[in-house]
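S.K.: Line by line, the protein sequences give chains C and V.
Residue 1 is where the first sequence starts when you use the working numbering, and the numbers rise one by one after that.
Residue 1 is where the second sequence starts when you use the working numbering, and the numbers rise one by one after that.
In case anyone wonders, no lab produced these hints; they're calculated from the structure.
Mixed in with the good hints, there may be bad ones.
[Said to hold, decoys possible] Example chain C residues on the side facing chain V (calculated, C-beta under 7 angstroms, incomplete):
{"no.": "1", "residue": "L23"}
{"no.": "2", "residue": "G613"}
{"no.": "3", "residue": "Q614"}
{"no.": "4", "residue": "L620"}
[Said to hold, decoys possible] Some chain V residues well away from chain C (every beta-carbon gap over 12 angstroms; in silico):
{"no.": "5", "residue": "H8"}
{"no.": "6", "residue": "W9"}
{"no.": "7", "residue": "L11"}
{"no.": "8", "residue": "S14"}
{"no.": "9", "residue": "E39"}
{"no.": "10", "residue": "L50"}
{"no.": "11", "residue": "A51"}
{"no.": "12", "residue": "L56"}
{"no.": "13", "residue": "E62"}
{"no.": "14", "residue": "G63"}
{"no.": "15", "residue": "S79"}
{"no.": "16", "residue": "Y89"}
{"no.": "17", "residue": "M103"}
All C-beta atoms, glycine included, are put in the ideal place defined by N, C-alpha and C.
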Amino acid sequence: MIDFSYTIWILLIPLIVFVVTGLTGNRFKPIVTGIIGTTGLGVVFLLSVFTAYKYFFVLDKVDGAFQRLLALNFTWLHLTDKLHIDIGVLLDPISVMMLIVISTVSFMVHIYSLGYMKGEKGFARFFSILSLFSFSMLGLVIATNIFQMYIFWELVGVSSFLLIGFYYERDSAVAASKKAFIVTRFADLGFLIGILVLSYTTGTFDFITLTGPNSPAFTSGQGIMFLGMSTMTWSMLFIFMGGAGKSAMFPLHIWLPDAMEGPTPVSALIHAATMVVAGVYLVARMFPIFHHQESALEIVAWVGGFTSLFAAVIACTQYDIKRVLAYSTMSQIGMMMLALGVSGYGGEDGLGYMASMFHLFTHAFFKALLFLGAGAIIHAVHSNYMNEMGGLRKYLPITHATFLIACLAIAGIPPFAGFFSKDEILVAVFHHNKILFAMAYLVAGMTAFYMFRLYFNVFWGKDQHYHHTPHEAPATMTIPLIILAIGSTFAGFIPFTKLVTSDSQPFETNTEWGIAIPAVFIALVGIGIATMLYMKKSETSKKISIALGGFYIAAFNKFYIDQVYLFITKKILFNLVSRPIAWFDRHIVDGAMNQIAFVTNVASDKIKGFQSGQLQQYALAFVSGVIGLALLFTYLWTN
Amino acid sequence: MFEGVPIHWFLVLSTTMFFIGIYGFLVRKNLITMLMSIELILNSVCINFLAFNKILFPEHLEGMFFTLFIIAVAAAEASVAIAIIINIYRRLVNIDVEKMNEMKY
Numbered sequence: 001m002i003d004f005s006y007t008i009w010i011l012l013i014p015l016i017v018f019v020v021t022g023l024t025g026n027r028f029k030p031i032v033t034g035i036i037g038t039t040g041l042g043v044v045f046l047l048s049v050f051t052a053y054k055y056f057f058v059l060d061k062v063d064g065a066f067q068r069l070l071a072l073n074f075t076w077l078h079l080t081d082k083l084h085i086d087i088g089v090l091l092d093p094i095s096v097m098m099l100i101v102i103s104t105v106s107f108m109v110h111i112y113s114l115g116y117m118k119g120e121k122g123f124a125r126f127f128s129i130l131s132l133f134s135f136s137m138l139g140l141v142i143a144t145n146i147f148q149m150y151i152f153w154e155l156v157g158v159s160s161f162l163l164i165g166f167y168y169e170r171d172s173a174v175a176a177s178k179k180a181f182i183v184t185r186f187a188d189l190g191f192l193i194g195i196l197v198l199s200y201t202t203g204t205f206d207f208i209t210l211t212g213p214n215s216p217a218f219t220s221g222q223g224i225m226f227l228g229m230s231t232m233t234w235s236m237l238f239i240f241m242g243g244a245g246k247s248a249m250f251p252l253h254i255w256l257p258d259a260m261e262g263p264t265p266v267s268a269l270i271h272a273a274t275m276v277v278a279g280v281y282l283v284a285r286m287f288p289i290f291h292h293q294e295s296a297l298e299i300v301a302w303v304g305g306f307t308s309l310f311a312a313v314i315a316c317t318q319y320d321i322k323r324v325l326a327y328s329t330m331s332q333i334g335m336m337m338l339a340l341g342v343s344g345y346g347g348e349d350g351l352g353y354m355a356s357m358f359h360l361f362t363h364a365f366f367k368a369l370l371f372l373g374a375g376a377i378i379h380a381v382h383s384n385y386m387n388e389m390g391g392l393r394k395y396l397p398i399t400h401a402t403f404l405i406a407c408l409a410i411a412g413i414p415p416f417a418g419f420f421s422k423d424e425i426l427v428a429v430f431h432h433n434k435i436l437f438a439m440a441y442l443v444a445g446m447t448a449f450y451m452f453r454l455y456f457n458v459f460w461g462k463d464q465h466y467h468h469t470p471h472e473a474p475a476t477m478t479i480p481l482i483i484l485a486i487g488s489t490f491a492g493f494i495p496f497t498k499l500v501t502s503d504s505q506p507f508e509t510n511t512e513w514g515i516a517i518p519a520v521f522i523a524l525v526g527i528g529i530a531t532m533l534y535m536k537k538s539e540t541s542k543k544i545s546i547a548l549g550g551f552y553i554a555a556f557n558k559f560y561i562d563q564v565y566l567f568i569t570k571k572i573l574f575n576l577v578s579r580p581i582a583w584f585d586r587h588i589v590d591g592a593m594n595q596i597a598f599v600t601n602v603a604s605d606k607i608k609g610f611q612s613g614q615l616q617q618y619a620l621a622f623v624s625g626v627i628g629l630a631l632l633f634t635y636l637w638t639n
Numbered sequence: 001m002f003e004g005v006p007i008h009w010f011l012v013l014s015t016t017m018f019f020i021g022i023y024g025f026l027v028r029k030n031l032i033t034m035l036m037s038i039e040l041i042l043n044s045v046c047i048n049f050l051a052f053n054k055i056l057f058p059e060h061l062e063g064m065f066f067t068l069f070i071i072a073v074a075a076a077e078a079s080v081a082i083a084i085i086i087n088i089y090r091r092l093v094n095i096d097v098e099k100m101n102e103m104k105y
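Please model the entire structure based on the sequences and the hints provided.
M.R.: Quick look at the structure:
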């Protein structure tokens, strides 16, 4: 038995760094704060790698499966003997994998930010919030129970709010951060209801009990039906709602594109690799229960599949490079959800589960790389819009090479990482549902198309008139790009079937070439179309967009989902609910209080004349009172 | 000394003094006169104490002691009051009670 209790330091170091840098941020030079934060995350990264090595390769397996270890657990809030909230560290394949993902990406982003954020106002604040975010995200993945997960889930929400609104002087950033917070908070309401229903029916918060082989969630809560679904299904759906909010699934996705207002490293950290996959992680964490509630799992699959396609269509029409990447993230996360939704449990049936985690892992590398690359581009040309760019490959050779690797990886071209994970997803979906498979297949093609549309627009074509000659980013920014590019190239060769599976039991799988070859083919077709249209600036793409007419305009306007939300909130909620409540508050509640104050005021105004300052008047009143009382008592006594 | 004097004589005396004091306190505008009226009131009370003590409980001395206390307190009170009056006079060059109406609402 290996002692894993040191893993608590993975959590404590970012917290300590946050507190220290948060409190002393203004006393040091900004760079000192940056170095403290980066060093802290570096230590966390090393600890995570060490833990993963010991967990996967040194720790003994039980019955051929990886153990689920409680490295540390203590009761934090003891309410009753049955109801208590624990805090601890749970190690199982997915949490260890997530530790690697989060600490790697976060570490890279820290290094990158040293260069990217240099000279920004609030440099120290940025680094301390980054530490807070890393702390909350790490706490989320190693949660031993659903309540601990919820606490860190909310912390993630808060720190992402702070990071998206980092440029708080800018109105759009403030609006975006509020939007992100409110939308995810609304989804978290569902999550909380789900937690309450689940724990009420099962009597426990603990993940090991809940997802173990004899889970109370499999037996209880089945009998009571509501709208044709059992209590347990409803609780799973509510929990999925929380996950969908964080993972930007349709229709709760509206915050993610706007969240690109934050600094680019934040987009890379939060909106590529960590926070947005929290929803996928949540579903994976609860997977055995989801698996028992087939209708809930079916909904997960369809929401994932639809979001994937929907976001891919929008991504093809956007011009802001960060927004293209944001929609691409939504699309890829939709794929992960889809893979989870079609997965079975145990052994080879759990292929979808494995594929989802695999894609999460590889996606973290190439999407972080894409965002950081986009940051380097924006850094060079001071614009977010791809039609203001072109011919940048001469000026940014390292960014160009790494960006190309990431594009190939996300498009699913072998031997880059995305190919392997996407192939597993397609295989899993193919065996489950042919319609969803067609959707996923289409998404694979569109992914290749919009990524290479972005690539060619930025790096090829004619030079634009730049204010000054674009230059390559400093080493602090290019080194993370290179490291992540190496990850995006080789992460696909990690044997995930041996490491992260639905029941922790390794299994064998072979690449199904019957599906892999067409997938590569459609990706090549996507790249081919993008090459034709965008390698040289031509009018063909404009003609096509005009030919598509209304559909193109709708996609360009993100299918008017934002407008629908605005209509629902402004016109319906505000007018029908908020205004009557506001009126009631202003007129009835406040009115009653104002009336009481008014009456008191008038009464005191009337009687204040009694206090005339004339001593003898007081004395007269006093004496008359005494005489009056004396007469009264005499009268009472004598009768 | 007062053997055989009926009690209502004392009571009539003290009541008369009491109300003279009250009257003086209420109608005189001069602070010193008002202070003297208060002394009258206190003394009328003292007479009551002594009379009842002498006639009702001749073997006890509480009434006498109470009277001594009242005299002591009245002396202290008079000195404080006169000090206040002097201060008021320094400030307003007047000791008319009706002029002292600054401490109102």
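S.K.: Next step is simple, just say for each hint if it's right about the structure.
M.R.: Each hint tested on the structure:
Violation of the interface hint for L23(C) is found here, the shortest Cβ-Cβ separation to chain V being roughly 50 angstroms, above the 7 angstroms cut-off. Given hint, G613(C) at the interface with chain V, holds; its Cβ is 3 angstroms from that chain's nearest Cβ, closer than 7 angstroms. Interface hint status for Q614(C): upheld, as the beta-carbon distance to the closest one in chain V is roughly 6 angstroms, under 7 angstroms. The interface hint given for L620(C) holds, since its Cβ lies 6 angstroms from the closest Cβ of chain V, which is under the 7 angstroms cut-off.
For H8(V), the non-interface assignment is confirmed: its Cβ lies about 17 angstroms from the closest Cβ of chain C, beyond the 12 angstroms cut-off. Every CB of chain C lies more than 12 angstroms from the CB of W9(V), the least distance being 22 angstroms, so the non-interface label holds. Annotated as non-interface, L11(V) keeps its C-beta farther than 12 angstroms from every C-beta of chain C; the closest such distance is 15 angstroms. A cut-off of 12 angstroms between C-beta atoms confirms that S14(V) is not in contact with chain C; the least separation is 15 angstroms.
At the 12 angstroms boundary, the C-beta of E39(V) stays outside the reach of chain C, the nearest C-beta of that chain being 15 angstroms off. Interface exclusion of L50(V) from chain C stands, the closest Cβ pair being 22 angstroms apart, more than 12 angstroms. With a closest Cβ-Cβ approach of about 19 angstroms to chain C, A51(V) is found to remain outside the 12 angstroms limit, as its non-interface label requires. With a least CB separation of 19 angstroms from chain C, L56(V) remains clear of the 12 angstroms interface cut-off, as annotated.
Residue placement check: E62(V) keeps its beta carbon more than 12 angstroms from all beta carbons of chain C (closest about 23 angstroms). G63(V), annotated as away from the interface, keeps every beta carbon of chain C farther than 12 angstroms; the closest lies near 21 angstroms. Against the 12 angstroms criterion, S79(V) stays outside the reach of chain C, whose nearest CB is about 20 angstroms from its own CB. Interface exclusion of Y89(V) from chain C stands, the closest Cβ pair being 16 angstroms apart, more than 12 angstroms.
Consistency note on M103(V): stated as away from chain C, yet its beta-carbon is not over 12 angstroms from all of that chain's, at 6 angstroms minimum.
Violated hints, listed in ascending order, are 1 and 17; each of the other numbered hints is respected by the structure.
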